[in-house]
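Trainee: Residues per chain, in single letters:
2 protein chains.
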Amino acid sequence: MARPSKPKLSTTAIAEAALNLVDAHGEFTLPQLAKALSVSASSLYNHVAGRDEIIELMRGRAMSEIRLPDLRSIAWQEAVRDIATEYWTSYSQHPRLIPLLTSHTVRDITTLRVYDALAEAFALAGFGPKRRLQAITIVDSFVLGSALDAAAPALVWEPNAESSRYFKEALDADLSDSGRPRATFELGLSMLLAAFGQQAPARANDAEDC
Amino acid sequence: MARPSKPKLSTTAIAEAALNLVDAHGEFTLPQLAKALSVSASSLYNHVAGRDEIIELMRGRAMSEIRLPDLRSIAWQEAVRDIATEYWTSYSQHPRLIPLLTSHTVRDITTLRVYDALAEAFALAGFGPKRRLQAITIVDSFVLGSALDAAAPALVWEPNAESSRYFKEALDADLSDSGRPRATFELGLSMLLAAFGQQAPARANDAEDC
Numbered sequence: 002m003a004r005p006s007k008p009k010l011s012t013t014a015i016a017e018a019a020l021n022l023v024d025a026h027g028e029f030t031l032p033q034l035a036k037a038l039s040v041s042a043s044s045l046y047n048h049v050a051g052r053d054e055i056i057e058l059m060r061g062r063a064m065s066e067i068r069l070p071d072l073r074s075i076a077w078q079e080a081v082r083d084i085a086t087e088y089w090t091s092y093s094q095h096p097r098l099i100p101l102l103t104s105h106t107v108r109d110i111t112t113l114r115v116y117d118a119l120a121e122a123f124a125l126a127g128f129g130p131k132r133r134l135q136a137i138t139i140v141d142s143f144v145l146g147s148a149l150d151a152a153a154p155a156l157v158w159e160p161n162a163e164s165s166r167y168f169k170e171a172l173d174a175d176l177s178d179s180g181r182p183r184a185t186f187e188l189g190l191s192m193l194l195a196a197f198g199q200q201a202p203a204r205a206n207d208a209e210d211c
Numbered sequence: 002m003a004r005p006s007k008p009k010l011s012t013t014a015i016a017e018a019a020l021n022l023v024d025a026h027g028e029f030t031l032p033q034l035a036k037a038l039s040v041s042a043s044s045l046y047n048h049v050a051g052r053d054e055i056i057e058l059m060r061g062r063a064m065s066e067i068r069l070p071d072l073r074s075i076a077w078q079e080a081v082r083d084i085a086t087e088y089w090t091s092y093s094q095h096p097r098l099i100p101l102l103t104s105h106t107v108r109d110i111t112t113l114r115v116y117d118a119l120a121e122a123f124a125l126a127g128f129g130p131k132r133r134l135q136a137i138t139i140v141d142s143f144v145l146g147s148a149l150d151a152a153a154p155a156l157v158w159e160p161n162a163e164s165s166r167y168f169k170e171a172l173d174a175d176l177s178d179s180g181r182p183r184a185t186f187e188l189g190l191s192m193l194l195a196a197f198g199q200q201a202p203a204r205a206n207d208a209e210d211c
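Just so you know, the sequences run in chain order A and B.
According to this note's numbering, the first sequence is numbered sequentially starting from 2.
According to this note's numbering, the second sequence is numbered sequentially starting from 2.
These aren't lab readings, by the way, just hints derived from the structure by calculation.
Be a bit skeptical, because a hint or two may be false.
You can't tell identical chains apart in this list, so a pair holds if it fits in one copy or across any two.
[Said to hold, decoys possible] Mimicking DMTMM-like on lysine to aspartate or glutamate, the simulated pairs with C-alpha atoms at most 20 Å apart in a straight line are:
# : residue 1 : residue 2
1 : LYS9      : GLU159
2 : LYS36     : GLU66
3 : LYS131    : ASP175
4 : LYS131    : GLU159
If we strip away everything but chain A, and leave its shape as in the complex, we get (with noise of 0.2 Å):
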């Protein structure tokens, strides 16, 4: 009988062992990934240049998912809401990825599509070249904070005998709420979008940011 043919190395294969890693470990190493792919560390050198590398070939892939919206076709807040929305489902699924991401530069180009998208969602809305830095980092910071809500325990919070009573009914209001992590994202992302609204176009006492 033929022995079955290795799979052949390649980066999305890298990307795809690096993930599982971080998603069961919170971190990778060379040595572990090579181990996972059954290759030498050296055969992964004919494929990635070191580390980062490897953390941007891992974003790509939880990106990779993710649809834009047609920009002509839909108005700004729309946009934003869509783009965010498919940023917090594809993060959700890898929460021990993000601060793995935070902390590296982006380089990968489907994610910065993303942030491109964002911009010129917000550029439509009016905003200045400074708000509109602002505005992307509020909503990537709150996708990302929410991306971590919505792969938190179904017990969030364990109150003790110590606990207020303001605290311990919100937390008796909707504990076995599947829906949660979803809804309140959603509910703030729906604040965000109106005070966006609120300072778009932007005010005469903004005018030297724009």
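On the provided structure of chain A, position chain B as indicated by the hints.
Mentor: Just chain B, lined up with the frame of chain A:
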């Protein structure tokens, strides 16, 4: 000469050593922790029941610098702003701890007091239990995402030849501003507080939530 006496093992020392490991590697194991403290794993078990308890100890340590406002002397918006800012400051120093914490039920007393205070502030705003929990979660998510942003490299995004001018203009506006993360966090927090202000007290059509 007498040998220097070995520092006594304590939950504080365990929390600090675990936090150092997580800051450096994004994770800790009990064998690594025992090695870092120059003790046996069984010595650790004389002080902590296991990994979950150590995570709660790290949470308490990261939150130990937080000063809570006197809710009777300031407006609820200022209370939420103060709590969220203290919380952001603490977590900005330990970005890699964040996904470990968000994936575990909060039981640490110091941390629960922070949520008690947030719950009380939103109760003072007239938010019923369900809205209160949503508001707490939205603030929590924005703080944690912004704390990750504060730990980002100075160059967050590196655009390429295909990047849109909307995005490049935005990046050019603000790249070298070391105060960017804090200013952006404060702007987003103000936007959320204004939106919460518009919701408080809860409107008639939200009555079923309260």
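Trainee: When no copy is specified for LYS9 and GLU159, does a C-alpha distance of 20 Å or less occur within a copy, between copies, both, or neither?
Mentor: Neither: 48 Å inside a copy, 31 Å across copies.
Trainee: Checking LYS36 and GLU66: alpha-carbon separation at most 20 Å within a copy, between copies, both or neither?
Mentor: Neither. Shortest intra-copy (27 Å) and inter-copy (42 Å) distances fail the 20 Å Cα cut-off.
Trainee: Between LYS131 and GLU159, at a C-alpha cutoff of 20 Å, which is it: within one copy, between copies, both, or neither?
Mentor: between (41 Å within a copy, 17 Å between copies)
Trainee: Within a copy, between copies, both or neither: where do LYS131 and ASP175 come within 20 Å Cα-Cα?
Mentor: between (39 Å within a copy, 6 Å between copies)
The structure does not agree with the numbered hints 1 and 2 stated previously, though it agrees with the rest.
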